[in-house]
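> All chains, please: the whole structure from these sequences, using the hints.
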Amino acid sequence: MNKKAMGFLAVASSAVVLAACGNGSASSNDQVIIYSNADDEAIEVMQNTLNDKGFKGEYIIQSVGTSELGGKLLAEGKKIEADIVTMASYYIDSADAQHDMFIDLTSSKALIDETSNIQLPILGNVGSIFVNTEMLVQKGLDTPTSLKDLTDPQYKDLISIPNIMDSSTGWLLVQAVIAEYGEKEGQQILADLIGNVGPHLESSGSGPIKKVKTGEVPIGFGLRAQALDAKEEGLPIDYIDPIEGNYSLAESVAVIDKEDDEKEKKAQEIAITIANEAREQLLVQYPVALYEGENVANEPAYLKKWTSTLTVELLQQHQAIFNAAKQ
Amino acid sequence: MIKTTMLMRGMGFLLLATFVFLLALPLGAVVLKSFEGVDGWTLHNYEQALSSGVLKEVFFNSVWVSTIAAVITTVLAFLLAYTIHFTNVAKPIKKIIRLGVTLPMLLPTITYGFVLIYAFGNQGIFSRLFGQPLFTIYGFNGLVIGYVLYTLPAAFLLMHNAMQYMDHRFIIVSHLMHDGKWRRFYHTILRPMLSPIGGAFILAFILSFTDYGIPASVGGTYDVIATTLYQTMLGSIPNFSQGAVISIVMLAPAVLGMITMGILERGNVSYKSVSQQVAFASKTKTVLFGSGSVIVVIALLAVFTPLIIVPFTTAYPFDFGFTLTHFQAVIQMPELMNVYKNSLLVAVCTALVGVVIAFIAGLLSARTNLKSRKAFDVIAMVTNAVPGMVLGLGYLFFFNNSSLKGTFFIIIAYAIMHFFTTPFLMVKNALQKMDPSWEVTGALLRDSWLQTVYRVILPNVKRTLVEVFSYYFINAMVTVSGVIFLVTTHTVLVSTKIKELQHFSKFNEIFILSLFILVTNIVVKIICEFYLNRQSKRG
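Respectively, the protein sequence lines represent chains A and B. Quick note, the numbering used here runs 569 ahead of the 1-based positions in the first sequence. Mapping to the numbering used here: the second sequence position 309 is 298, numbers consecutive.
Treat the hints as calculated values from the structure; they're not laboratory data. Don't be surprised by glycine CBs; every beta carbon is placed ideally from N, CA and C. A couple of the hints might just be wrong.
Stretch by stretch, here's where chain A covers chain B in the computed footprint (C-beta under 8 Å, at least three residues) [claimed, not checked]:
{"no.": "1", "region": "123 to 129"}
{"no.": "2", "region": "149 to 162"}
Pairwise CB distance ranges, derived in the manner of DEER restraints [claimed, not checked]:
{"no.": "3", "chain 1": "A", "residue 1": "Ala866", "chain 2": "B", "residue 2": "Thr312", "range": "30 to 38 Å"}
{"no.": "4", "chain 1": "A", "residue 1": "Glu703", "chain 2": "B", "residue 2": "Ala318", "range": "45 to 53 Å"}
{"no.": "5", "chain 1": "B", "residue 1": "Asp308", "chain 2": "A", "residue 2": "Lys708", "range": "17 to 25 Å"}
{"no.": "6", "chain 1": "A", "residue 1": "Lys708", "chain 2": "B", "residue 2": "Thr312", "range": "29 to 37 Å"}
{"no.": "7", "chain 1": "A", "residue 1": "Ile629", "chain 2": "B", "residue 2": "Leu21", "range": "56 to 64 Å"}
{"no.": "8", "chain 1": "A", "residue 1": "Lys647", "chain 2": "B", "residue 2": "Ser437", "range": "26 to 34 Å"}
{"no.": "9", "chain 1": "B", "residue 1": "Gly310", "chain 2": "A", "residue 2": "Glu703", "range": "37 to 45 Å"}
{"no.": "10", "chain 1": "B", "residue 1": "Leu21", "chain 2": "A", "residue 2": "Leu710", "range": "54 to 62 Å"}
{"no.": "11", "chain 1": "B", "residue 1": "Thr312", "chain 2": "A", "residue 2": "Asn867", "range": "29 to 37 Å"}
Dropping the structure here:
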């Protein structure tokens, strides 16, 4: 290669490097960043709604696991990269108590349950058992009716549940067990259940339904709405409301106080749009009434709520019980 | 001359400053963090970590599973390298063995786990073929297989390389002396190979011990130190000082391993001259080792078949019709394509800047008398010993409150540092082999030092620089361990996006993105090979 060509190559390549690397880091700083722990179906609804309402290209949604997002909120406070989060409501309250990090949001609609004014609920999650009916028959298993039933040795390695360490759906299961049987007996039941679950302890709340759908296991615990969807798609899936209760959690949207008025204003608009406009479709997917006047078909048989307000401290207590049961 | 020395010193100083800023300070931040208490310095973090049974358990889990994997890897790597160098297996088959065993290097380790699940899980391809799962893939078994896939290429290359420098005439001599089979094997092969075998074992052990991708995907309930570190840092209750302690614990075996490897290298046997003519390879031996190696390579490639089957199947495992819809869907998803572009950007920048840094470091180290030149050898040892997760954590601690947080710059800097050792040694070795009098000749012809470097040295080291480029590119493309702590919404890479997709069990997308990485790496490799071939034909 001659000198000129080499010199040209050197200059050209360094120009490309500088341009590319510089360009990458400076990209679109005015986009509103949304961290969301929601399932992909819910994220799709939010995206479609925001795009319809003219926010296309002005935001970017980053999905983050519940525990990871919770950890980020508690560890980073206002310094978190996101402008908006959608997250389990108790986490938002706990993070705010620690860092005073969210701005007030108001909605024109009346809520059924009082919540703090830094968040607007967007969807409710209800837990239930679900089964792959074909596989139950194939493996000659009894149909369970309660969570306690699942500790029966016949279900060894045939159940998938979400891990309370990573997933708030996993907490719904633990709440039901502890509320019904108390901490001591509850821990024993959890221990037997975890023994039956074996390798199918999932970090994601939607892990179990996927495993039940593909037939990795015949029985799972997760969101009731997911089982309902699968059933309506014509898959051999059915939900079973456990007699211990269908416990529920609200997921909310909240805006981080970034002290940047213009971007914060846009973030606020986007958050309110999610809460108001996406709600109708989210209600179809997650049939739990959160606002006055919402009607839900196909109500769970044993809808229940934990008696006190949910907090991160309570979650940690329940995680400790779960981990003790795991030993 | 004074000017030249000043210039060299200046370059050395700049480069060393870079390493201090991007390597020493971040690692120092980890060490400091591990001693940081609520009020002042304390050993409390260590006491807390060591008194809880959890860390002990995962540490021994990691040691145990990595040891088993390293033993298997070492045996297989030896078998494969031995087949290539000491049997009369046909050349094309030798080539297939060599290429086949190194293929997994072109994929991120996190992909291995998902491939294993789809190969051996309850609904896996091989489980369906045999009517039932052959074994439980989650946990210990999956980890061992994954680690073997991951470490086999590196261990194989190490032994392959060592065997290239063995003199086969010793085998002839041994035959003439009527040595017994085992005696001959011991003296002509095993004894001279002991050091590379030990090296391969340690390398496989350390790589397994510090990998995050495989346990993240297929670890199940078998907790290892890498996943524990991740959970401690990014779990529901983050504890940074505990994370720092765990990473120091993770560093210890790696440092120990490196020291042992250094000692082992002293036992290296050197030959005066090398003859590679395969001597006295009986037909039985050729057939036995040849078929054994071919089976290993076929098994290895078979494990990866889900990667090309699952994403092109309508609805695995219910509908096996061929479809391109998943593929088209991914291409039409701007967020996924952006992630791919990010990875490409990081890999290209890492490779280009990496080549420059490796070249300058190699140049100063091999062809100058600077006092600081020894420092680069130490740096190369450090980057070799520090696990990716530990360095990534250091970057998190050190850059978290700076404006560099969340930029591509720190990801690229991380990759250049983490993979520095091999490129540096490649360049240094190539430069050392060149005639030491070139600079003097250049000076006599009144070329400045820079002109000599540019006109003489650079053209002669071009081939090596292309290899360095390819090495940096591929590794930056597949790295997972450290970057999990560094990516943000705008800088997500394919290898970390896979972790997010795992959360939603979107395996089609995972496999298609992995294929993108694989194909990109193959293309880069082919281009580099093509260039090298053309160069060697020319002269």
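> Can you tell me whether the CB distance of B:Gly310 to A:Glu703 sits inside 37 to 45 Å?
20 Å, violated
> Look at the Cβ atoms of B:Leu21 and A:Leu710 and judge whether their distance stays inside 54 to 62 Å.
55 Å, holds
> Is 17 to 25 Å respected by the C-beta to C-beta distance linking B:Asp308 and A:Lys708?
22 Å, holds
> Quick check on a hinted range of 30 to 38 Å for A:Ala866 and B:Thr312, using CB atoms only.
Between A:Ala866 and B:Thr312, where Cβ atoms are some 34 Å apart, the hint holds.
> Quick check: does the Cβ-Cβ distance between B:Thr312 and A:Asn867 fall within 29 to 37 Å?
33 Å, holds
> Taking the beta carbons of A:Ile629 and B:Leu21, is their distance inside 56 to 64 Å?
34 Å, violated
> Mind taking a look at whether chain A covers the region 123 to 129 of chain B? Criterion is 3 or more residues with CB to CB distance under 8 Å.
Held - the region 123 to 129 of chain B has 3 residues with a Cβ nearer than 8 Å to chain A, which meets the minimum of three.
> Could you see if the CB distance from A:Glu703 to B:Ala318 stays within 45 to 53 Å?
This hint is violated: roughly 28 Å between Cβ atoms.
> Are three or more residues of the region 149 to 162 of chain B within 8 Å, CB to CB, of chain A?
violated (count 0)
> So does A:Lys708 sit 29 to 37 Å from B:Thr312, Cβ to Cβ?
30 Å, holds
> Check the following: the C-beta atoms of A:Lys647 and B:Ser437 are separated by a distance inside 26 to 34 Å.
54 Å, violated
In terms of the numbered hints stated before, the structure departs from hints 2, 4, 7, 8 and 9, listed from lowest to highest.
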